[in-house]
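Engineer: The chain contents come next:
4 protein chains.
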Amino acid sequence: MIVILKKNPDREQLENLSNWLKSQGLSIHQSEGENSLVLGLVGDTADLDMELIRALDIVKDVKRVQEPYKNANRYFHPEDTVVSVGDTRIGGGYFQMIAGPCSVESPEQICEIARRVKAAGATLLRGGAFKPRTSPYAFQGLKAQGLELLLEAKKETGLPIVTEIMDLSQLDLFADVDVIQVGARNMQNFELLRQLGRTKQPILLKRGLANTLQELLMSAEYIMAGGNENIILCERGIRTFETATRNTLDLSAIPMLHKMTHLPVIVDPSHATGIAKLVKPMALAAAVCGADGLIIEVHNDPMHALCDGSQSLTPEQFDALADEVRAVLPFRCKSEF
Amino acid sequence: MIVILKKNPDREQLENLSNWLKSQGLSIHQSEGENSLVLGLVGDTADLDMELIRALDIVKDVKRVQEPYKNANRYFHPEDTVVSVGDTRIGGGYFQMIAGPCSVESPEQICEIARRVKAAGATLLRGGAFKPRTSPYAFQGLKAQGLELLLEAKKETGLPIVTEIMDLSQLDLFADVDVIQVGARNMQNFELLRQLGRTKQPILLKRGLANTLQELLMSAEYIMAGGNENIILCERGIRTFETATRNTLDLSAIPMLHKMTHLPVIVDPSHATGIAKLVKPMALAAAVCGADGLIIEVHNDPMHALCDGSQSLTPEQFDALADEVRAVLPFRCKSEF
Amino acid sequence: MIVILKKNPDREQLENLSNWLKSQGLSIHQSEGENSLVLGLVGDTADLDMELIRALDIVKDVKRVQEPYKNANRYFHPEDTVVSVGDTRIGGGYFQMIAGPCSVESPEQICEIARRVKAAGATLLRGGAFKPRTSPYAFQGLKAQGLELLLEAKKETGLPIVTEIMDLSQLDLFADVDVIQVGARNMQNFELLRQLGRTKQPILLKRGLANTLQELLMSAEYIMAGGNENIILCERGIRTFETATRNTLDLSAIPMLHKMTHLPVIVDPSHATGIAKLVKPMALAAAVCGADGLIIEVHNDPMHALCDGSQSLTPEQFDALADEVRAVLPFRCKSEF
Amino acid sequence: MIVILKKNPDREQLENLSNWLKSQGLSIHQSEGENSLVLGLVGDTADLDMELIRALDIVKDVKRVQEPYKNANRYFHPEDTVVSVGDTRIGGGYFQMIAGPCSVESPEQICEIARRVKAAGATLLRGGAFKPRTSPYAFQGLKAQGLELLLEAKKETGLPIVTEIMDLSQLDLFADVDVIQVGARNMQNFELLRQLGRTKQPILLKRGLANTLQELLMSAEYIMAGGNENIILCERGIRTFETATRNTLDLSAIPMLHKMTHLPVIVDPSHATGIAKLVKPMALAAAVCGADGLIIEVHNDPMHALCDGSQSLTPEQFDALADEVRAVLPFRCKSEF
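Chains as they are written, first to last, in the numbering used here: chain C, 3 to 339; chain R, 3 to 339; chain Y, 3 to 339; chain V, 3 to 339.
Heads up, a few of these hints could be off.
Any copy will do: because identical chains look the same in the list, a pair fits if it lies in one copy or spans two.
Unchecked claim - Only pairs whose alpha carbons sit at most 30 angstroms apart, straight line, appear in this in silico DSBU-like list of lysine-lysine:
| hint | residue 1 | residue 2 |
| --- | --- | --- |
| 1 | LYS202 | LYS9 |
| 2 | LYS120 | LYS72 |
| 3 | LYS8 | LYS336 |
| 4 | LYS9 | LYS145 |
| 5 | LYS8 | LYS261 |
| 6 | LYS24 | LYS279 |
| 7 | LYS336 | LYS24 |
| 8 | LYS279 | LYS72 |
| 9 | LYS9 | LYS24 |
By construction, these hints were calculated from the structure, which means they are not laboratory data. No experiment lies behind these values; they were computed from the predicted model shown.
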């Protein structure tokens, strides 16, 4: 950490600051600039409150030298992490398509869609049992029953399942779920992250609507600090001033995350855009710029879907998308960091 | 709801849409514009998926006429809600100052600060026992022990306490807490909101960093739908591109929320700015533009505070702030909606 | 336009509003909802101030039915516009790569780079003569002399040139420029747009950092209203809360703009990301999701470039990018609107 | 400037970088951290491209120690700047209200409004002659004739006038204008700023919709670099995801700018909110948190105003606002930086 002091700082205050920093186990390199004095702090500054130092009268600014995430940091772990879900692998060159309905609605619906997306090339099945909905008056998912229907669809098709947990109290119900999804609104539900760190199941961690890439990695760090390193990151659109699309899909996050971390990164073009006709172009774009996979909403009857029908593809549209994605995969960009 | 169709829509598709809308219990008023045909839907459209209709080929756009929140809507409840916490009232002309440390650290610390902020005029005591921290390596609060210390400080000073719940599993521990705070990161933790709707305790609901005023009211609606109408809304800064301050305090939200809802609205200038020297000017601004209260961080030793010391005021600084706020209260702007 | 009134509006105010609307040449369809009365306005509402109507006491809300842009609207002009620059065409299936240095620095530099990017497959040469710089102390471009050097490079290589105009006073100097670029910061310089509408030269119109797609089309509309329909739109990143990349490249804008307008749309991954190593993945992503072209910064000596060296590719890196872009072009997504 | 290198950097690359930095006239302090090597650069780094250095393989990050603005920097000029407009002063404790219509429409309109706002206590008259409008089909202002009408109103009332310049070509027409306004969309029109630096007239510089405080000061720096130090900054709302108000008024910018710069700062609550009923609460808030003045839209007949009627106050509403602002002025917060 670098502390930039005003020119000719009050000597007593400077001594106080120096003593306090040393009491935190840090050593100090001092160097004089034209209009400021710079202190370089050597030692573990991860827990130091840089805002507090910045608030001091003699201090102009404070800059962090080291990223605050360790386990998730590619700088310390240069090799790609490959997450295994049964025989399926994601990351380190392995690309997977996850597909299925927004919500599980009935045994027929989920099994029919599971068969269709498997035939099209999807290797994992998604489906919501517990649904986070902005309105208390909207359909909230089939809950425990929905999880059972997903497991049935898995038995029929062999596809491992991905589904979202909304609250810690549901964790026991998720024992047989292959990949536990943490939704965008829960990205900073730290109690939930901490507990998921004690499971062994792979976690699909979605980026929050207003969260930076660094914050996404800090949330991954929560899970990893507990011992679970099977994390798949997911870009699903951020909130900006633009209202033509539901969110703004940040595809430059893909190569940037590949630089920052060794964890695999997938993209959710369905929730990012909210518009079925934008899903295919964004899926292709995500694939060529280096994403390790896609998660796509597919429904056999979008007009009657109980939620998010407008962004769902029909199975026929997903067939076409999967074909086109496969065609561009050989041209996928490799990160050069 | 208004559905805007393209000129000369396909007749069969139009009939399908009309039949489907009628099957949802709606009646339809049709009117012809220059370049479009407009359907006015009459009936309860709260559950209708407007994005789904928008995705149809014959549809140009869909517009909502009615806000999706009901219980929180001033249109249906024109009188101000006054929330009572013991003998203390907030809203409808009653203005309160809530103050205390970011984190409870020790019996001496919380009691000393409680005495000081009470003497300065605060009527509720805040303090964090469970702390949401971006880094898993940072201090996470004293948890259950912190709650006990808060209750002790309440016994000593008589100040009702406000503290944050981070997870449903903590709810039993909050039985004696006077006001349960839902933090910005939990504003859309719908399971938590739903359960809080079944308690009788007042809820302090903070606006999420990237949430619109309408979404804030939808989250209040979750709590109200369960039967708990004692909700205090809190503006605490939103995330924007500006990095000079930690967040951007949206003070126009105060009169705007007073137009949209009957619930009281307070402001947290400490978290919004992240900078101690900005707290007083923003507190004064919030008070005169109509806020029903303030929640302010105060610490007797900010340099050694275990978290967020940089935005905390000393008790002396809070004395000055409280005096200046009281001086402007007679000039507080009344909303004219 | 749709005007939503409160239930049981004051009769006199309603009559005043109705009379005023009729005096603007509009006819009114009235329909009654459950909690509101809805007025549908028929006629030309492009000039009507919807905010003014919204401010009336009896009005709950006002919604626009018709987009405010006409000439740029695909709804009225379904065929793709193809812009011709000499023998080179952009749009309607024609894809072009524009490349060159951020700034023109010397005859050797611009000619050398022009030869290299032409050899790699670029069909237009970009280069800045007038440079908008955030700091008054930074290099501001070679100005008129820079334009001459560009024309020399054109003579040598045959590549048409693209360069930015910063102010109306420079317009005479741009007589021989093939494509006049309007930078992001000038997207709403309405005087400039109006004058460019009177030229015949193709205009490359960049999206502003905080401008919506609709505002981009309104700016195109300014140029088109003057008679110049040769406009190429350019997505170059928008400003969001994320700081890991300089801007956030909004690639979903590509298919969305193709839905909204018939004008060609290209992408500038160099300015959007600000990081050389992100340029190739974003260029590939832009190409497959349907962009009509790319504009890329290339410099033979980025380490000594007078501006924006960090986002420039070397000619060798551009060779590789151009090869990879060509490889994915056959798989480019066609818009299905 | 601080350059953070990866651990054990390639020796040849490090030597190249060191030599290049020295060739720019800088000296280097080197200090070793746990996971990185840090170079402190001493000398004038204002022109150094930090992104370029960051792009090097051996470099982890680069941090700026010194703000890039000099003339506008309070660090170098601790005393408040007071801008004089005739006998009227703004800044350094002097607070002024600027009021008038969005657009000048007729001699009667502007003179009537001028008399009314003067009677209410406004000390400068605003009014638009050249109007930046998003739509080419909207009213664009009376232009040169509008300026004449403003000067007439000045002759009648004695109020100095403030009006917006949209393009350099209009500069000659502005010879008798007391304060030249640079609108939000022109905040980074660098050619215009440079020329205004050569005039002697006070400049009212509005913050751009997506511009940081630092960028605002860099634009002030452009004007000051030319010799004109009579600059009044204006916060007028920034663009965020929130759509309930037109923009988000960033009032914490007021004390923050007072920390960063010695220039006076005023607030425009009319454009920030776009809603007449929000103007008074935001005006009061701006005044108490330390603004040096207000600029407010007033129209004698908002229902028939040719532009932005919905955010205009009636003269009666402005009377009330002015009274209430005067009442809180004694309680205005003084910055403590």
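Engineer: Confirm or reject each hint.
Structural biologist: Hints versus structure:
1. LYS202 x LYS9: neither (53 angstroms within a copy, 33 angstroms between copies)
2. LYS120 x LYS72: neither (37 angstroms within a copy, 43 angstroms between copies)
3. LYS8 x LYS336: between (45 angstroms within a copy, 22 angstroms between copies)
4. LYS9 x LYS145: neither (62 angstroms within a copy, 39 angstroms between copies)
5. LYS8 x LYS261: between (35 angstroms within a copy, 14 angstroms between copies)
6. LYS24 x LYS279: Between copies only: 27 angstroms across, 59 angstroms inside.
7. LYS336 x LYS24: Neither: 44 angstroms inside a copy, 36 angstroms across copies.
8. LYS279 x LYS72: between (39 angstroms within a copy, 23 angstroms between copies)
9. LYS9 x LYS24: both (22 angstroms within a copy, 23 angstroms between copies)
Hints 1, 2, 4, 7 from the list above are not met by this structure, while the remaining hints are.
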